[in-house]
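Let's have the full structure, built from the sequences with the hints guiding it.
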Amino acid sequence: GAVVSQHPSWVICKSGTSVKIECRSLDFQATTMFWYRQFPKQSLMLMATSNEGSKATYEQGVEKDKFLINHASLTLSTLTVTSAHPEDSSFYICSARNPSAAFFGQGTRLTVV
Amino acid sequence: QKEVEQDPGPLSVPEGAIVSLNCTYSNSAFQYFMWYRQYSRKGPELLMYTYSSGNKEDGRFTAQVDKSSKYISLFIRDSQPSDSATYLCAMSAGNTGKLIFGQGTTLQVKP
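These protein sequences, in sequence, are chains S and Z. The opening residue of the first sequence carries number 2 in the numbering used here; numbering runs sequentially from there. The opening residue of the second sequence carries number 595 in the numbering used here; numbering runs sequentially from there.
Worth double-checking, as some hints may not be accurate.
Straight-line distance between alpha carbons at most 30 Å, and here's what the computed DSS-like set of lysine-lysine pairs gives [stated by the list, open to error]:
| hint | chain 1 | residue 1 | chain 2 | residue 2 |
| --- | --- | --- | --- | --- |
| 1 | Z | 692 | S | 42 |
| 2 | Z | 636 | S | 15 |
| 3 | S | 65 | Z | 636 |
| 4 | Z | 636 | S | 56 |
| 5 | S | 56 | Z | 596 |
If you anchor each label on the Cβ, the simulated ranges turn out as follows [to be verified]:
| hint | chain 1 | residue 1 | chain 2 | residue 2 | range |
| --- | --- | --- | --- | --- | --- |
| 6 | Z | 647 | S | 19 | 41 to 49 Å |
| 7 | Z | 609 | S | 27 | 33 to 41 Å |
| 8 | Z | 675 | S | 67 | 39 to 47 Å |
No lab work stands behind these hints: they were computed from the structure. From the three backbone atoms N, C-alpha and C, an ideal C-beta is built for every residue, glycine too.
Okay, structure coming up:
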């Protein structure tokens, strides 16, 4: 199946700093990518839809100034968590969709200390 | 009412059993149906993808879609301890839009 690569797989940062997470579709072009957040023992919560060459679409309740999304090419989307706080600690997962199914990255575990 | 309902379990079965996982949905516009397996601290892995109604088989896995009942199923034959994971159903109306997920069912296969 298609491959989506997400990097880094885990990161620890200090409060107040920013963290960038990359998501790449390795063998197909994705005009749309999705960013999710997942809390322990819960399903995926969609944060935003990343659109190549245009602004991301954020879900209700997600702060666009805090979670900056850039989709500069058909194979790369980035999520930057700005001014991170301990409550931002979570598992972040990206997804890209080809004309059939959606494929997920490995996930990034963010810990803010 | 959620758009997609999935029993969170946990579901515990002995090794070799047939496992049946199910989701119901309310939006009749859904046409693309997927099943994912997620191990702890990993991203979801696509198991099965089905368009519209019907059955699809891949190895030990069979996916069924009954659009008239708004009900989808995933069957796992000869279950193995390595199948122990959380199984997520997902669906969408179009082939490019966002997916709507079920809550996920936790499965444990005991040796």
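*Among all the numbered hints in the text so far, which are the ones the structure does not match?*
none
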